[in-house]
Each structure stands twice: as C-alpha cells, then as structure tokens.
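Asker: Single-letter residue listing:
Number of protein chains: 2
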Amino acid sequence: MNKPYQIIVSRSKSIEDYVLEIIEALNHNTEEVEIKGSGWDINKVADIYNSVKEKLKDGVTLDYITIGSETKDRRRISYLLLRIKRAY
Amino acid sequence: MNKPYQIIVSRSKSIEDYVLEIIEALNHNTEEVEIKGSGWDINKVADIYNSVKEKLKDGVTLDYITIGSETKDRRRISYLLLRIKRAY
Chain A
1 MNKPYQIIVS RSKSIEDYVL EIIEALNHNT EEVEIKGSGW DINKVADIYN SVKEKLKDGV
61 TLDYITIGSE TKDRRRISYL LLRIKRAY
Chain B
1 MNKPYQIIVS RSKSIEDYVL EIIEALNHNT EEVEIKGSGW DINKVADIYN SVKEKLKDGV
61 TLDYITIGSE TKDRRRISYL LLRIKRAY
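Line order of the protein sequences matches chains A and B.
Quick note, in the UniProt record's numbering, the first sequence goes up one by one and the last residue is 88.
Quick note, in the UniProt record's numbering, the second sequence goes up one by one and the last residue is 88.
Take these hints with a grain of salt, some might be off.
Just so you know, same-sequence chains aren't split out, so a pair can sit in one copy or run between any two.
Result set (DSSO-like, lysine-lysine): computed pairs, CA atoms no more than 30 Å apart in a straight line [stated by the list, open to error]:
id	residue 1	residue 2
1	Lys3	Lys85
2	Lys72	Lys85
3	Lys72	Lys57
Think of the hints as simulated: they come from the structure by calculation, not from any bench.
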C-alpha cells in the first residue's frame, strides 16, 4: 500500500478543488487520503469531507479523526486531521 | 449515568467561557460532555477541546468525534461533534 496522499487545506484553493483532487487521488494513486487544516481552515476540512462523502458515498470510509494543536509563529493553533480510505 | 451535558458552540461566548462551563459540568453534574459547532464555529470546537485537554490532561478522554452536515435556513452546513468523558 502506498503512503497516504496528504492534503494541507489552505485558503488558496476552493472546497471544490480539494474535493476533485481527493477523488482524483483515490481513483489513481492511493487508497488513503489525509486531510489536515489549522485554525480557520478547520471548518473547510469538515466541508471537504462532507462533500467527498456525498459524492462517493460508501466508496469511502472515514478511518480516523484527530484534534490536536501545534505551534506556528509562536502561537498555539488547533488543527483537525482526518484520514479517508477508499472502500472499493 | 446522567445524559451527556450538551454544548452548542456559538459566537456569543468565548472559548474560555466554554472551557470553564465544561470543567464545571464535569466536576459537578455529569460524566460526559458533548460539544457541537457548525460552520465557522467548528474551529472553536477544536480550540475548546484542546484547551480543556490542556487543563485536565488525563482527567478527560475523547470518546468520539463525528463530522456531519445538516440543513439550516435551506443551506447545508457542516458540523463537528465530539464527546469527552471524565476519566476520574
């Protein structure tokens, strides 16, 4: 099995762009995709997950979700990290 | 066991207020607290969780996390829901 395809969510790409990137990855390269977002991008992670789930339905399963924090520019910032798995 | 104490995170209260409310609840009324936030409040849920975890450390365990969506004012909106459990 390949390493999970990793996506760090940022403001520079739209939810739809990330969703397409994830579907593309699942169809071609990898069985697992990790999606991570920090601070204000955390809600975008949730939107991306819901959108992927709505499109692929039982084609993906949610492997795990973690909430953590890390230091960026000397500030502690929360992140949400989840991993989805191709189910086909 | 009592029903879980439920918190719907909104803009009207600060992270610190929620953290104090949760610690108070865990100390007095209940063994489980559910925290839910939608849309832009999702990242606040993560901040609240990290802050509670930092304060209580092994005193709380994360029971589960769910990402879902629901319809509000005819728009589909993502939410993050988690449940923490008193470990003492």
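Asker: Hint by hint, say whether it matches the structure.
Answerer: Each hint tested on the structure:
no., hint, result
1, Lys3 with Lys85, "within (12 Å within a copy, 33 Å between copies)"
2, Lys72 with Lys85, "both (29 Å within a copy, 29 Å between copies)"
3, Lys72 with Lys57, "between (35 Å within a copy, 22 Å between copies)"
Checked against the numbered hints above, the structure violates none of them.
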